[in-house]
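Position chain B relative to chain A; hints supplied.
The primary structure of each chain is shown beneath.
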Amino acid sequence: MSKKIPDDVKHARSHEWVRATAGVATVGISDHAQRELTDVVFVELPAVGRQVKAGESCAVVESVKTASDIYSPVTGEITAINAELAQHPELVNTDPYGAGWFFQVKLSHPAELDALLSPSEYSTEVGD
Amino acid sequence: MLKRTPLYAAHKKLGARLVDFGGWEMPVQYTGILEEHRAVRTAAGLFDISHMGQIAVRGGGAPGFLNRVLTNDIRKLQVRQGQYTLMCNERGGVIDDLYVYQVQAEEFLLIVNASRIGADSAWLGRQLAAWPDRAAVDLKNLSEDFGALAAQGPRVAEFIDACFSPRADSSLAATLKKNGIARREFLGRPIYVSRTGYTGEDGFEMVAPAEVLHALWSKVLETGAPFGIKPAGLGARDTLRTEVCYPLYGHELDEATTPIEAGLGVFVAFGKGDFVGRPVLAEQKAAGTTKKLVAFKTAEKSAPPRAKYPIWSAGPDRRRIGHVTSGTQSPSLGVGIGLGYVPPEMSAANSPIEIEIRGKHSCATIVPKPIYRRA
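First to last, the sequence lines map onto chains A and B.
Its first residue numbered 1, the first sequence is counted upward by one per residue in the numbering used here.
Its first residue numbered 1001, the second sequence is counted upward by one per residue in the numbering used here.
Bear in mind the hints are in silico, worked out from the structure with no lab data behind them.
Any given hint could turn out to be false.
Claimed, not checked - Short derived list, chain B residues pointing at chain A, Cβ under 8 Å:
#1 Thr1239
#2 Lys1301
#3 Pro1331
The C-beta atom is built at its ideal place from N, Cα and C for all residues, glycine as well.
Bound-form chain A, shown alone (with noise of 0.2 Å):
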């Protein structure tokens, strides 16, 4: 039932994913982490423009049962957030690696990308 991790993401042991594209990285969450989460109801997103390190935590996804801080896998500026889930917070479980992004991050460090995991040392991680 795990859905195929897309290629061009890299994901922190912490089961957010980041895709990055000139110097801009969208961040989510991973596949094994929404299936872990199940019904996703709500999602508290970082203010545009705020600085985030990585590591940090600066998000919040709640399921029915519980909420789980999202932390940003890199460190810069949010440039942009995911409005349509202030609507359908429920894309994150049907569409985690699309329509179910976070926000994007203006990377600082893009080296930082180099120490998170490939698509297949991630689903080795988790034993998908």
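Just chain B now, with coordinates in the frame of chain A:
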């Protein structure tokens, strides 16, 4: 080591996610809380509630003893009828909330919370030791020998009778009234079926010997399949009971909270004579309490409220007035809902309040209980 119910293997096979609930390894969900919640509201759901405790109280002295230790009036019970009741300490604090059934003359079955089996047994034992008529009361904790299931939802009455050998004399669906209890046989073993539940829907709860529980679970799932029954976990059980404002021990109720504060005064029978906790409860009923349990809904698009979040008064001179005891996103209503304690003077329905969620204030409104009522 967590305790496991007779259905542990069945839950694993169904792909349930298991969690620690009051020392028991219990399914929180199978396919998803929202889906299981919807099944119970629209068709049927089956819960394993084997973690709950069963205590038998028998003998000619049983009614008198139970009327001494429980708040409701046992004399209102006919044979094969049950009632919701509470067991309080001398300060009026709740030791447990429970169901008591008179299964036959001078024989009562208490269904208690999993996390309170030890506390209840110890308390009942101490109370009995000090009870003059103790020789006429036999108290037994049967929790290890029995398991229990709850089949809940508007379609359960359509198939409950087909789960058991046909009986010409009485159909459970047609003759068992709310809070009634009947005996049935299953695989040659006696079981009890009551028309009760914890979801706000019509439904039946079954108490059966542990060794036939797995067969009974399979039989109910198989018989209910054409009616849309789904196994349902404690996650859905919690959202269902929160929508209808049923208290959960350890959240709305504890030994420092009284039934009057929790809005359960209707289950305290002052007319029956003395009982444990009565002086404090009578005083609170007459003079009022310092806290009162209220239900609330959050404004749309707020994060879901959760237990322990602070409750604030609304307006310019807002202040902290209480805390949330249970909170969730309501699957039926699509907004945040919850229960919490506030001062009585701030408890009126339609009053605006604020819920503090991660340092930010969300608007909410106190609403009449229940928050959700079946159509």
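Hint check:
1. Annotation: interface hint on B/Thr1239 holds; nearest CB of chain A at approximately 6 Å, less than 8 Å.
2. Checking B/Lys1301 against chain A: minimum C-beta separation of about 6 Å stays under 8 Å; hint holds.
3. Of the supplied interface hints, the one on B/Pro1331 holds, with its beta-carbon coming within about 7 Å of a beta-carbon of chain A, less than 8 Å.
The structure agrees with every numbered hint stated previously.
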